[in-house]
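J.: Below are the chains, spelled out letter by letter.
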Amino acid sequence: MSIEPITGRYVTVTVGGAPRRIYFEEAGQGRPVICLHTAGADTRQWRHLMNDAEITASNRLIAFDMPWHGKSLPPEGFETQEYLLTTEAYIETVLAVIDGLGLDRPVLAGCSMGGRIALQIAALHPEKFSGFIAIEASDFQPAWYDIDWFHRPDAHGGEMGAALVSANISPYAPNSERWNTLWMFMQSGPGVFRGDLSFYTRDDSLIPRLPTIDTRATPVHIIVGAYDLTCTPEDAERTAKAIPGATLAVMDELGHFPMSEHPEGFRPFFVDALEKMPSPAAKAA
Amino acid sequence: MAFLEKSQDRVLTHTFPGMAHRPAFMAAIPQLMYAWEAKVIDTFKQIQTRLEATPHLLRLGRLFSETVLIEVGGDEFYLSFEKGRIVSVVEGPSRKTPWRFALRTDAGALNKFWEARPEPGFHDIFGLVKIGRGRIDGDILSLVKNLRFFKEVLTLARAKEELAA
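Chains as they are written, first to last, in the working numbering: chain A, 1 to 285; chain B, 286 to 450.
Keep in mind that the hints were calculated from the coordinates and are not lab data. Keep in mind that the hints are not guaranteed to be accurate.
Claimed, not checked - According to the in silico footprint, chain A covers these stretches of chain B (three or more CB under 8 Å from chain A):
hint, segment
1, 385 to 398
2, 428 to 441
To be verified - Restraint-style ranges between C-beta atoms, simulated for each label pair:
hint, chain 1, residue 1, chain 2, residue 2, range
3, B, E367, A, I91, 37 to 45 Å
4, B, G393, A, W179, 24 to 32 Å
5, A, A89, B, A392, 32 to 40 Å
6, A, P278, B, K324, 31 to 39 Å
7, A, T86, B, G393, 22 to 30 Å
8, B, G359, A, S279, 58 to 66 Å
9, B, V372, A, P174, 44 to 52 Å
10, A, A155, B, A401, 54 to 62 Å
11, B, V372, A, T14, 52 to 60 Å
12, A, P208, B, K445, 24 to 32 Å
What the hints assert, rightly or not - For the chain A half of the interface with chain B, some residues (derived, Cβ under 8 Å), not all of them:
hint, residue
13, D99
14, G100
15, L101
16, G102
17, L103
18, F140
19, P153
20, A163
21, A167
22, W179
23, Y227
24, L229
Note that the structure is predicted; figures quoted are calculated from it, not measured. For every residue, glycine included, the Cβ atom is placed at its ideal position computed from N, Cα and C.
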């Protein structure tokens with residue numbers, strides 16, 4: 001028997017003028033690192049890193065489920081709403097959570113849509129963070145699929161979404177973790193994956209903001225997997241070039257969900273990324 | 286850039302099992318068949334056999350009764366499914382065989398797709414489309430509704446290292 005060091009609690013914050021009960025997990029101590037999950041998934045994507053004693057010895061990893069995802073309920077009245085995430089609502093949620101948890105300039109690490117929003121925040125609210133790790137993140141990609149496929153009454157959106165995103169998982173991923181990764185998509189609530197994708201595939205506002213990011217104040221490190229069809233290495237490279245001083249690492253044997261699909265393969269890239277972020281001691285000095 | 290056509294753009298009429306039979310006058314002449322053509326059709330027949338021995342796919346595909354066109358370097362192969370089983374693999378060309386959706390690619394890409402650990406882009410049918418080595422058309426929604434089943438059926442021909450993984 002083993003009990004993992006991850007603990008889960010809830011924090012209620014205000015987003016869009018209404019309360020949101022947010023589920024978050026954390027493990028470790030030291031420098032706070034906020035971890036954002038991908039579209040159509042939840043905090044469980046980060047569990048391997050949160051169970052990594054070497055990483056959590058000096059890093060307090062905190063991951064939360066966005067409203068409508070995982071164990072964070074949708075807002076009151078959701079039954080008549082069409083869920084469509086926006087860049088603005090996503091940013092407001094991230095800022096509300098770090099304020100609600102009383103975090104002092106955490107590192108922000110996000111994957112896919114979480115990586116996209118990390119770069120948006122690097123441009124718009126850098127003063128609230130110490131650095132940014134943008135995983136499978138780029139300026140913009142239009143959809144190569146019809147997002148309406150994933151929310152319809154005659155088929156299971158989660159199963160279809162999982163089957164689609166499996167295209168983004170590397171053949172090097174251990175089979176068990178491939179399916180654990182896909183299970184989260186299968187569990188996603190009706191219309192949630194579609195609602196996440198609506199902003200991700202339509203809002204290109206990040207493009208003109210990239211050159212304004214000041215990496216001398218807050219470093220930006222981008223990580224991308226070669227098997228990612230949604231954010232390809234070319235997409236990530238183009239994005240890194242647009243941010244003066246940003247660094248880029250390409251993972252030859254990983255895909256779009258590296259921390260979840262292949263934890264061992266991803267670990268050294270995440271450790272390297274953390275080393276590029278300012279240490280708490282350096283900040284105090 | 287949407288490189289998949291929207292499902293409503295080109296929806297063909299429903300196909301029925303058993304319709305995908307080549308007219309007699311178009312029957313293949315084995316001795317004139319290119320070696321790689323023979324290999325491709327053999328591989329599809331291998332998939333047909335392996336599918337029969339894969340209970341979870343037969344369960345996932347139990348509502349799938351359609352004909353799928355696989356075009357390889359311009360040569361057509363019709364895979365007819367009946368309740369998750371492949372009931373026929375027929376070589377074209379045929380203008381009389383209705384199909385629900387089509388995957389069009391080339392022999393080199395398909396061979397890479399069937400490697401145990403394909404290179405990026407060759408690891409998934411949507412990867413083939415993304416790198417310009419494949420095209421998917423027809424009733425895309427039918428494909429998406431049965432996507433896990435269809436993709437896993439195609440990978441039944443992957444080298445065994447991965448099947449065992």
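J.: Does each hint fit the structure? Answer for all of them.
T.: Results for each hint:
1. Counting residues of the segment 385 to 398 of chain B whose beta carbon lies closer than 8 Å to any beta carbon of chain A gives 0, which falls below the threshold of three, so the coverage claim is violated.
2. With 5 residues bearing a CB less than 8 Å from a CB of chain A, the segment 428 to 441 of chain B meets the requirement of three and the coverage assertion stands.
3. Distance hint for B:E367 and A:I91: a CB-CB separation of about 51 Å, inconsistent with the stated range 37 to 45 Å.
4. At about 30 Å, the CB distance of B:G393 to A:W179 agrees with the hint of 24 to 32 Å.
5. The beta-carbon spacing between A:A89 and B:A392, approximately 48 Å, falls outside the hinted interval of 32 to 40 Å.
6. Checking the proposed 31 to 39 Å range against A:P278 and B:K324 shows it is violated: the Cβ atoms sit about 57 Å from each other.
7. Distance hint for A:T86 and B:G393: a CB-CB separation of about 43 Å, inconsistent with the stated range 22 to 30 Å.
8. Range check, B:G359 to A:S279: Cβ separation about 59 Å, and the 58 to 66 Å hint holds.
9. One distance hint, 44 to 52 Å for the beta-carbon pair B:V372 and A:P174, is violated here, with the actual separation near 35 Å.
10. About 31 Å separates the C-beta atoms of A:A155 and B:A401, a value inconsistent with the hinted range of 54 to 62 Å.
11. Evaluation of the 52 to 60 Å hint for B:V372 and A:T14 yields a pass: the beta carbon distance comes to about 59 Å.
12. Between A:P208 and B:K445 the beta carbon distance is about 50 Å. The supplied range of 24 to 32 Å is therefore violated.
13. Here the hint on A:D99 is broken, as its CB sits about 39 Å from the closest CB of chain B, past 8 Å.
14. Hint status for A:G100 relative to chain B: violated, with the closest Cβ pair at about 38 Å, above 8 Å.
15. With 8 Å as the threshold, the beta carbon of A:L101 stays out of range of chain B, its nearest partner Cβ sitting at about 38 Å, so the hint is violated.
16. Against a cut-off of 8 Å between C-beta atoms, the interface hint on A:G102 is violated, since the closest Cβ of chain B lies about 42 Å away.
17. Interface restraint check for A:L103: the shortest CB-CB distance to chain B comes to about 37 Å, outside 8 Å, so the restraint is violated.
18. Of the supplied interface hints, the one on A:F140 is violated, with its beta-carbon coming no nearer than about 12 Å to a beta-carbon of chain B, more than 8 Å.
19. The restraint placing A:P153 at the interface with chain B is violated, with a minimum CB-CB distance near 12 Å, outside the 8 Å limit.
20. This hint holds: A:A163 has a C-beta 4 Å from the nearest C-beta of chain B, less than the 8 Å allowed.
21. A hinted interface residue such as A:A167 counts as satisfied when its beta carbon comes closer than 8 Å to some beta carbon of chain B; here the least separation is about 4 Å, so the hint holds.
22. Interface restraint check for A:W179: the shortest CB-CB distance to chain B comes to about 11 Å, outside 8 Å, so the restraint is violated.
23. At its closest, the beta carbon of A:Y227 sits 5 Å from a beta carbon of chain B; the interface hint therefore holds under the 8 Å criterion.
24. The beta carbon of A:L229 is positioned within 8 Å of a beta carbon in chain B (closest approach about 5 Å), and the interface hint is therefore held.
Violated hints, in rising order: 1, 3, 5, 6, 7, 9, 10, 12, 13, 14, 15, 16, 17, 18, 19, 22; the structure is consistent with all others.
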